[in-house]
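**Q** All chains, full assembly: derive it from the sequences and hints.
Note that the protein sequences, when read in sequence, are chains A and B.
Under my numbering, residues 16 to 312 are what the first sequence spells out, in order.
Under my numbering, residues 628 to 991 are what the second sequence spells out, in order.
These are computed hints drawn from the structure, not numbers from a lab.
A hint or two may mislead.
As the list claims (entries may be wrong) - Derived lysine to aspartate or glutamate pairs resembling EDC-like cross-links, with alpha carbons at most 20 angstroms apart:
id : chain 1 : residue 1 : chain 2 : residue 2
1  : B       : 765       : A       : 105
2  : B       : 981       : B       : 730
3  : B       : 985       : A       : 105
4  : B       : 954       : A       : 105
Said to hold, decoys possible - Far from chain A, by Cβ distances over 10 angstroms, these chain B residues were calculated:
id : residue
5  : 682
6  : 730
7  : 733
8  : 763
9  : 776
10 : 816
11 : 840
12 : 957
13 : 983
To be verified - Beta-carbon label-pair distances, calculated as ranges:
id : chain 1 : residue 1 : chain 2 : residue 2 : range
14 : B       : 803       : A       : 282       : 39 to 45 angstroms
15 : B       : 658       : A       : 227       : 47 to 53 angstroms
16 : A       : 192       : B       : 783       : 44 to 50 angstroms
17 : B       : 812       : A       : 132       : 37 to 43 angstroms
18 : B       : 788       : A       : 20        : 54 to 60 angstroms
19 : A       : 233       : B       : 929       : 25 to 31 angstroms
20 : B       : 733       : A       : 273       : 25 to 31 angstroms
21 : A       : 233       : B       : 738       : 40 to 46 angstroms
22 : A       : 132       : B       : 819       : 54 to 60 angstroms
23 : B       : 840       : A       : 132       : 34 to 40 angstroms
24 : B       : 741       : A       : 274       : 34 to 40 angstroms
We put the CB at the ideal spot given by N, CA and C, even for glycine.
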Amino acid sequence: MSYFFQIVVSGIVVGSIYALAALGLVLVYKSSRVANFAHGQIIAAGAFITFFLTVRLGVPIFFSFLASMLITFFLAMSVERIFLRRLIGEPIISVIMVTIGLASIFDGLIYLTPFGSENFSFPTFLPTESIVVGGVSISWTQLVGVIITFVLIGCFSWFFKKSTVGISMRAVSDDQFGAMSVGISVPRVFALAWATAGLSAAAAGCIIGNITGLNFETLHAFGIVVFPVVILGGLDSILGAVVAGIIMGLIQQFASGYLDGNFGLNGTGDVMPYIILLIILLFKPHGLFGIHEIERV
Amino acid sequence: MSQNRWLATGNFFTSYKQEQRTFFTHLDRTIFTCFLVILFGWPLVFEISNKYMLVLDNILIAIVAVMGLNLLLGFAGLISIGHAAFVGIGAYSVASVCQVIGENHVIVTHFWPVLIVCAGIMGAIFGAFVGLPALRLKHLYLAIATLSFQMIFEWFIQFMSFFNQGQTIYVGRVHWFTGQVGRSDHYLFWYYIILTLVVVLGFGVRNLLKTKYGRCLVAVRDNDRAADAMGMNPGLTKVYAFALAGFFAGVAGALHAYLYRGVGFESFTLHASVGYLAMAIVGGLGTLNGIFWGPVAIKFLDIQVEQFSEFVGQYLTSAPNVATALKPLSFGLVIVLFLMYEPRGIANWWRIVKSYTKLWPFRY
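**A** Quick look at the structure:
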């Protein structure tokens, strides 16, 4: 039984990271209808910036965490300014392909740095022994990671519900022309959505880096695996991203906990989200909390 | 049609039938014939090493695959991020035949055209299956569906012992009327076979667009609700487009398997899918000649970048992964720059040059 609860705990840990990573994707999609395939690369960039600041420059980890969030904030904003702003009104294929191209460019740039191909790990700043409750163990990094994730998600949802900027972002996502007519600057909101996405990506990158170690391949793989999560939750719902993230984390951990090695299967955890996704697309195409848009010619 | 059957400097059509022609003027037809004669004839005149022949074969196979992707992306407006998986389906259906009956069985070596067509049909079946969500969905959701198919495909190949867990599965040497195709003319032989296929399939695509189904695809791309109102079935048209793209991809995969005399997992990854997408976009979406420009341009870029990074690597010995860095960087830059500054691709340049030469010395 403790095996079961162990899987539940690790599922929630993985799932909350998915939720945080998915948040950035949802933010960008909600405001500007762009699916950002370069999100994983921004996550990786955030993690490596933190690593660079803490280890190479000796900045305390808390400040480098904040600094990397600030840097990716401006990085994502400039990506929007340079590449995506020209494409407003272009067909969706071009927009998606530009983000795929951007992912490739980021890949190249990160391979040029020394962080491209090796494994790194953050210096430990938390107790290394794990907490054991009734046979279920959770390490301090995981616990702190989950807590930070939920705090951040809470901050984001407060930001969208209460603050003026957040409300204007929601307005743009509902109706761009309507928002424009009441005096909201739509390009500014787009830039802000990208910037907040970059911010959450950096946070996700740091938390993942602390838990699993820094490796470019695993970090940017998050950018792809986040898509099933987002689709499950509905592409434009923040609550959906959180719920779907945790569901996906649980499914993944259960799959690798119970299926692997039993029926001659291996690595089912990696493929399970995609299988779930295909099934969901057939039966509930717009996800759990997604809005089914009414289209007119 | 103008009085002059050799040159036409405007649109003189008087009937629908004239617009349906494959070649509008005699000049077009002559140039095309000369082009074909050159393509088929040059290996008889020039000797070329197997290394470069392999590059040419690769480009031709990519052209076959991109034909399918361009139908899907340019004509039906559906994004597929899993095209390499469909190519892989074709290649692995040949490989699984080899696994079951042995790599040097008569069916593999003598009846390879049948196997290639069967691989195409396998691709079409899987394409239709993956396209099933298209009955209810569009745009991004479909793109993600193909993405997940790509991931599931990769997992299957990597973990099934039947597929050798992604290790190479060998395919035997094929036979021709002259006997077994030997090592020295293997690549030349496949150059001719693939070139013939490219020509045949190219005409196929060209004529498909004149049929009811081809026009259905374009109508659904432009506005699926309007197409629905006009009596087409957008969902089925999309599934059909996926099946068609799967067919082309399957054929390309089977050709890949025969050309390399083996099937390995690395050629059909997500990265390859993005490569096919880039080829389709750089060539020009929704154009016929873009199908040919794209693969040529991207493969050429690949080779140039490889040579450049070798050149750089001589001077910068301390940075060993210049090649791994420059490849995705240049590749991504090409995609992004094309989409930002020339979204209609190289085919647009071709169109400009063509209309200029046609109207010369008049500007308009």
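**Q** Would you mind marking each hint as holding or not holding in the structure?
**A** So, going through the hints one by one against the coordinates:
1. B:765 / A:105: Measuring from Cα to Cα gives roughly 17 angstroms; hence the hint holds.
2. B:981 / B:730: Between residue 981 of chain B and residue 730 of chain B the Cα gap is close to 48 angstroms, so the pair fails against 20 angstroms, i.e. violated.
3. B:985 / A:105: 31 angstroms, violated
4. B:954 / A:105: Distance of about 27 angstroms is beyond 20 angstroms: violated.
5. 682: Answer for residue 682 of chain B: holds, closest chain A Cβ roughly 22 angstroms.
6. 730: 25 angstroms, holds
7. 733: Answer for residue 733 of chain B: holds, closest chain A Cβ roughly 33 angstroms.
8. 763: Violated, because the least Cβ-Cβ distance between residue 763 of chain B and chain A comes to about 5 angstroms, which does not exceed 10 angstroms.
9. 776: 7 angstroms, violated
10. 816: For residue 816 of chain B, whose nearest Cβ neighbour in chain A is about 35 angstroms away, the distance exceeds 10 angstroms, so it holds.
11. 840: 21 angstroms, holds
12. 957: Its Cβ does come within 10 angstroms of chain A, the nearest being 7 angstroms, so this is violated.
13. 983: The claim holds: residue 983 of chain B sits with its nearest Cβ about 26 angstroms from chain A, beyond 10 angstroms.
14. B:803 / A:282: 39 to 45 angstroms: Holds - the Cβ-Cβ distance for residue 803 of chain B and residue 282 of chain A, about 42 angstroms, lies within 39 to 45 angstroms.
15. B:658 / A:227: 47 to 53 angstroms: 59 angstroms, violated
16. A:192 / B:783: 44 to 50 angstroms: 46 angstroms, holds
17. B:812 / A:132: 37 to 43 angstroms: With a Cβ separation near 40 angstroms, residue 812 of chain B and residue 132 of chain A satisfy 37 to 43 angstroms, so the hint holds.
18. B:788 / A:20: 54 to 60 angstroms: 34 angstroms, violated
19. A:233 / B:929: 25 to 31 angstroms: Check passed, 27 angstroms falls within 25 to 31 angstroms.
20. B:733 / A:273: 25 to 31 angstroms: About 45 angstroms separates the Cβ atoms of residue 733 of chain B and residue 273 of chain A, which means 25 to 31 angstroms is violated.
21. A:233 / B:738: 40 to 46 angstroms: Roughly 45 angstroms apart at Cβ, these two residues keep to the hinted range, so it holds.
22. A:132 / B:819: 54 to 60 angstroms: Roughly 41 angstroms apart at Cβ, these two residues miss the hinted range, so it is violated.
23. B:840 / A:132: 34 to 40 angstroms: 47 angstroms, violated
24. B:741 / A:274: 34 to 40 angstroms: 38 angstroms, holds
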